[in-house]
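*Asks:* Residue numbers (numbering that gives the first Met the number 0), protein chains in the order written: chain S, 0 to 182; chain U, 0 to 178; chain C, 0 to 162.
By construction, these hints were calculated from the structure, which means they are not laboratory data.
Here the structure is a predicted model, which means the values were calculated and not measured.
A few of these clues could be false.
List of simulated lysine-lysine pairs, DSS-like, C-alpha gap at most 25 Å [as the list claims (entries may be wrong)]:
{"hint": "1", "chain 1": "U", "residue 1": "Lys55", "chain 2": "U", "residue 2": "Lys72"}
{"hint": "2", "chain 1": "U", "residue 1": "Lys80", "chain 2": "U", "residue 2": "Lys27"}
{"hint": "3", "chain 1": "C", "residue 1": "Lys117", "chain 2": "C", "residue 2": "Lys34"}
{"hint": "4", "chain 1": "C", "residue 1": "Lys34", "chain 2": "C", "residue 2": "Lys91"}
{"hint": "5", "chain 1": "S", "residue 1": "Lys34", "chain 2": "U", "residue 2": "Lys171"}
{"hint": "6", "chain 1": "U", "residue 1": "Lys142", "chain 2": "S", "residue 2": "Lys21"}
{"hint": "7", "chain 1": "C", "residue 1": "Lys91", "chain 2": "C", "residue 2": "Lys159"}
{"hint": "8", "chain 1": "C", "residue 1": "Lys154", "chain 2": "C", "residue 2": "Lys34"}
{"hint": "9", "chain 1": "S", "residue 1": "Lys21", "chain 2": "S", "residue 2": "Lys34"}
{"hint": "10", "chain 1": "U", "residue 1": "Lys27", "chain 2": "U", "residue 2": "Lys72"}
{"hint": "11", "chain 1": "U", "residue 1": "Lys122", "chain 2": "U", "residue 2": "Lys87"}
{"hint": "12", "chain 1": "C", "residue 1": "Lys70", "chain 2": "S", "residue 2": "Lys158"}
{"hint": "13", "chain 1": "U", "residue 1": "Lys142", "chain 2": "S", "residue 2": "Lys20"}
{"hint": "14", "chain 1": "S", "residue 1": "Lys158", "chain 2": "C", "residue 2": "Lys111"}
{"hint": "15", "chain 1": "U", "residue 1": "Lys87", "chain 2": "U", "residue 2": "Lys72"}
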Amino acid sequence: MCPSGETLSAYLDHEVEDPWKKVIEEHLTLCPSCKHKIDEMIFTREQLALGSAPDFRDSQERGRSCLARLNSMQQVSFWRRRVALPLPAAAAAVLLMIILGFSTLLLSLRSDYRSMSIRTQPSGTSEVLVTAPIEDLERMLKSLELNGSRQEIIIQLPKESEFFVVGEAEMFRAAEYKRDQPW
Amino acid sequence: MAQEEDMVKVDQGLFEEAYETLYPLIHKLAYHITGDVEQAEDLCHEAFIKYFERKKPLPDINQTKYWLIRVVKNISLNYEKKKFRQRKAFEKLKKTAPLAADSTEHEYFKKETINRIQRALDKIPYRLRMAVVLKEYAGLNYKEIGAILGISEGNVKIRVFRARQRLAQILKEETGHVS
Amino acid sequence: MVKRISVLILLVMAIFRGNAQEIELEEALRPILDKALQLNIIARLLPPDAEQGWNMQSSKLTIPGRSIAVKLFGENIRIFIVLTPYWQENGKLLLVAQGEVLLSEMAESEVKYLSTVKSIPISLGEKVLFFPLGVPERLHKSFNIQLEIEILSYKDLLEKSAD
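Same shape as in the complex, but just chain S (with noise of 0.2 Å):
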């Protein structure tokens, strides 16, 4: 008796368990017929595998600036209320590390094994203890290595507005250019 081509189709994709993953198998090496359409599957995998997609990449790039501006609008009140507020000092650095890119890090400060509590000891300071296994130090030197990736403002220019270089980029100090300008 020959399994059915479903049955064939899940043993492919290991769907199937033992005992019965042992008796197809045996079938296979007697039933050619059987052999036959398992190869068949096998090269219609093949061949979706060679389906590629189109590159991603400049996809990601238009989705992230439309998805940055989001943020940065929400950056900017953010920062004129951090300045405002008290901060204790190791939530700080939390924070920082977060702003600074790396969340990679602090993903693996937060998941199940590890556990970070700040504390306040008897002083008043506050400390931030963290439990992490050493493979995942290794991950968070890595990050520590500071390739993240690079912060971006964003910035849509009014529409109607129209440009021309007016000469060569300069840079100086604002004390400097307020001096020879009246605004």
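Let chain S serve as the given structure and place chains U and C on it in line with the hints.
*Replies:* Quick look at chains U and C alone, frame taken from chain S:
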């Protein structure tokens, strides 16, 4: 207040992580399901925007992956229905105004997929295509596919098998035509 | 800069090796905290009549040697500016601005590409103006773009706000 700000920043980190890590996969799946580069990009962006708009991001990259794939499936279903309606409308048009129909045929049908594999995928029914794309391009098992599509594992098995059968048939026919 | 990063890593490693399973995050991050800088950037669009035009403010945290990018997108123009602060030996900061401009002027069909690198030594809190399109004459007919940049020490800011 400070804690709230901390949370906003952590959420942002999680979101960026998801965008970096999962974009390629979601884009790939969107393409293989719709067969159209532009639609794939729109679908992909829409899925990530929806994720970004959640109150709280998911804590785990795997959960995020399943969430995004489910959203892609839901949105792509809408695209399919639209395609079907367009096709029906076109058929109707063809009957009543055959000359007009010929001139619009060019615009109506989506851009010729360069890829014969994708062409074959586009030819099989949506349900079968979803199952086989999730199997072959997202590497999910039957249980995971079942959870995403809302069907039983047995059903997944059948769909994947039928998809493979049809694809094999179409690909054979195609090579027959190539001179 | 490379020296500073390896000091940081050694510091973190020393802490990890010391107590196998626990680290004090604040300890490990103090070096970063100490040298963190906040860049306050105001992008101003100056209309031809030179009155205060449109402006946008943003603020980013970074450390010396790590850049911040500012990208401006307009209908006929793209400006990419990369700002990198560095500490110099005399205790002053060096701000390096690399700018790239892609511009298509209405009358012409080609796209112009310009690039520039400018650097200037400044102190914390000293404001700098960067004109990616050049400095306009008073009566020039077009819009001009100006970036005002100020660099502050993040640690100082925290301490000030704690008062």
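*Asks:* Now, for every hint given, state plainly whether the structure supports it.
*Replies:* We went through each hint and held it up to the structure:
1. U:Lys55 x U:Lys72: Between Lys55 (chain U) and Lys72 (chain U) the Cα gap is close to 21 Å, so the pair holds against 25 Å.
2. U:Lys80 x U:Lys27: Answer holds: Lys80 (chain U) to Lys27 (chain U) is near 21 Å, not above 25 Å.
3. C:Lys117 x C:Lys34: Measuring from Cα to Cα gives roughly 23 Å; hence the hint holds.
4. C:Lys34 x C:Lys91: holds (13 Å)
5. S:Lys34 x U:Lys171: Answer holds: Lys34 (chain S) to Lys171 (chain U) is near 18 Å, not above 25 Å.
6. U:Lys142 x S:Lys21: holds (22 Å)
7. C:Lys91 x C:Lys159: holds (21 Å)
8. C:Lys154 x C:Lys34: Holds - the C-alpha atoms of Lys34 (chain C) and Lys154 (chain C) are around 8 Å apart, at most 25 Å.
9. S:Lys21 x S:Lys34: With Cα atoms ~15 Å apart, Lys21 (chain S) and Lys34 (chain S) stay inside 25 Å; holds.
10. U:Lys27 x U:Lys72: holds (13 Å)
11. U:Lys122 x U:Lys87: Distance ~16 Å between Lys122 (chain U) and Lys87 (chain U) Cα, so the pair holds.
12. C:Lys70 x S:Lys158: Between Lys70 (chain C) and Lys158 (chain S) the Cα gap is close to 16 Å, so the pair holds against 25 Å.
13. U:Lys142 x S:Lys20: holds (18 Å)
14. S:Lys158 x C:Lys111: It holds: about 19 Å lies between the C-alpha atoms, which stays within 25 Å.
15. U:Lys87 x U:Lys72: holds (22 Å)
The structure fails none of the hints (numbered hints given earlier).
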